[in-house]
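Q: Sequence:
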Amino acid sequence: MSESFEQRLREIQHERQSHVCIGIDPDDEKWPEGVDYSPGGLLNFATRIVEATAKFACVFKPNLGFWAAIGAENELAKLIRFIKHEHGLPVILDAKYGDIGRTAEKYARAAFERYGADAVTVNAYLGTDTLVPFLKWGPKHAILVLSHTSNEGAREFQEAQPHPFNVGLFVIIAAAATKLKTSETAAVGIVMGATFPDQLKELDGNVPDDCLMLIPGIGTQKGDLKKTLTNAGKYLYVINSSSGIIHASRGRDFAEVAAKKAEELRDQINKALVVVSAQSIAPSSSPSYL
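Going by our numbering, the first residue of the sequence shown is number 1, and it counts up by one from there.
Please keep in mind that the hints were generated in silico from the structure rather than gathered at the bench. Among the hints, a few may not be true.
What the hints assert, rightly or not - Straight-line C-alpha distance at most 27 Å; calculated DSS-like pairs for lysine-lysine: (1) LYS55 x LYS30; (2) LYS106 x LYS136; (3) LYS84 x LYS140; (4) LYS84 x LYS260; (5) LYS222 x LYS96; (6) LYS234 x LYS179; (7) LYS78 x LYS55; (8) LYS96 x LYS140; (9) LYS96 x LYS227; (10) LYS96 x LYS136; (11) LYS201 x LYS271; (12) LYS201 x LYS136; (13) LYS78 x LYS222; (14) LYS179 x LYS106; (15) LYS55 x LYS84; (16) LYS106 x LYS96; (17) LYS271 x LYS222.
As the list claims (entries may be wrong) - So the derived label-pair ranges between C-beta atoms look like this: (18) ARG10 x LYS136: 17 to 27 Å; (19) GLY205 x TYR125: 21 to 31 Å; (20) VAL274 x GLU15: 10 to 20 Å; (21) GLY71 x ASP253: 22 to 32 Å; (22) LYS84 x GLY40: 19 to 29 Å; (23) ARG10 x LEU126: 23 to 33 Å; (24) LYS260 x PRO164: 47 to 57 Å.
None of the values given here were measured: they were computed from a predicted structure. Every residue gets a Cβ at the ideal spot worked out from N, C-alpha and C, and that includes glycine.
Construct all of the structure, not just a fragment, from the sequences and the given hints.
A: Rendered as structure tokens:
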């Protein structure tokens, strides 16, 4: 069997000593001078960002919305090919797909065939059957299911405790989704925001100890890096930063500044990990949904 997504990610993290995921969300409100805001301009901008930052990253995560908004889907596919073939790094397509049946099958095909992504974010609000079409693409791919996101409004629904469970909805989703993974399916991970690091503790006993995890919210959203790393230590996680890296400068030096920010984040994570690894982690008292 060929190398799985998770195996590949672990190897890259070890080789590069990096847990950094760089979000490629090209925002017209933060656009740098000297670059056209057009489909071709987005590709030019993103390619320069990737060239400058790839050595500090273990994965890239373009957000489909920023590309589709100006009809740059073909350019996005070109960028993903560039990242994979020129830099040998996996790509997570941040699309947050969530539908059923044949529609979900088409979304899976779009993510993995049209765009050529290795992984994709998905929304399981409609139930776990929304995930099945993605799982069929096998272990070289992965899905990252929204569990507890990093936005301010995340608590409104995600921490609600539906009867008869005594845990938040985000725990129920994470547990149900990760149970679907087998040796033949795509990897199943979850999205957990660094802006809510305490909620990571509630996953203990509810998801696998080596659960794949995408953690956004570091940087512009000011998530707590040290507490996040303390509570996520045993998982296979990547720490995402998007605009805090790619839009750190609006000048013509945007790529160089992005490289510095990516390097800084990598080093901050690694330094924090040294401290965290020296600390003892108390046993979890979280209720188990499983």
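Q: Confirm or reject each hint.
A: How the hints compare with the structure:
no.: 1; hint: LYS55 x LYS30; in the structure: 24 Å, holds
no.: 2; hint: LYS106 x LYS136; in the structure: 12 Å, holds
no.: 3; hint: LYS84 x LYS140; in the structure: 13 Å, holds
no.: 4; hint: LYS84 x LYS260; in the structure: 22 Å, holds
no.: 5; hint: LYS222 x LYS96; in the structure: 22 Å, holds
no.: 6; hint: LYS234 x LYS179; in the structure: 18 Å, holds
no.: 7; hint: LYS78 x LYS55; in the structure: 20 Å, holds
no.: 8; hint: LYS96 x LYS140; in the structure: 19 Å, holds
no.: 9; hint: LYS96 x LYS227; in the structure: 26 Å, holds
no.: 10; hint: LYS96 x LYS136; in the structure: 18 Å, holds
no.: 11; hint: LYS201 x LYS271; in the structure: 22 Å, holds
no.: 12; hint: LYS201 x LYS136; in the structure: 30 Å, violated
no.: 13; hint: LYS78 x LYS222; in the structure: 31 Å, violated
no.: 14; hint: LYS179 x LYS106; in the structure: 23 Å, holds
no.: 15; hint: LYS55 x LYS84; in the structure: 13 Å, holds
no.: 16; hint: LYS106 x LYS96; in the structure: 14 Å, holds
no.: 17; hint: LYS271 x LYS222; in the structure: 18 Å, holds
no.: 18; hint: ARG10 x LYS136: 17 to 27 Å; in the structure: 23 Å, holds
no.: 19; hint: GLY205 x TYR125: 21 to 31 Å; in the structure: 24 Å, holds
no.: 20; hint: VAL274 x GLU15: 10 to 20 Å; in the structure: 19 Å, holds
no.: 21; hint: GLY71 x ASP253: 22 to 32 Å; in the structure: 28 Å, holds
no.: 22; hint: LYS84 x GLY40: 19 to 29 Å; in the structure: 20 Å, holds
no.: 23; hint: ARG10 x LEU126: 23 to 33 Å; in the structure: 31 Å, holds
no.: 24; hint: LYS260 x PRO164: 47 to 57 Å; in the structure: 51 Å, holds
The structure does not agree with the numbered hints 12 and 13 stated previously, though it agrees with the rest.
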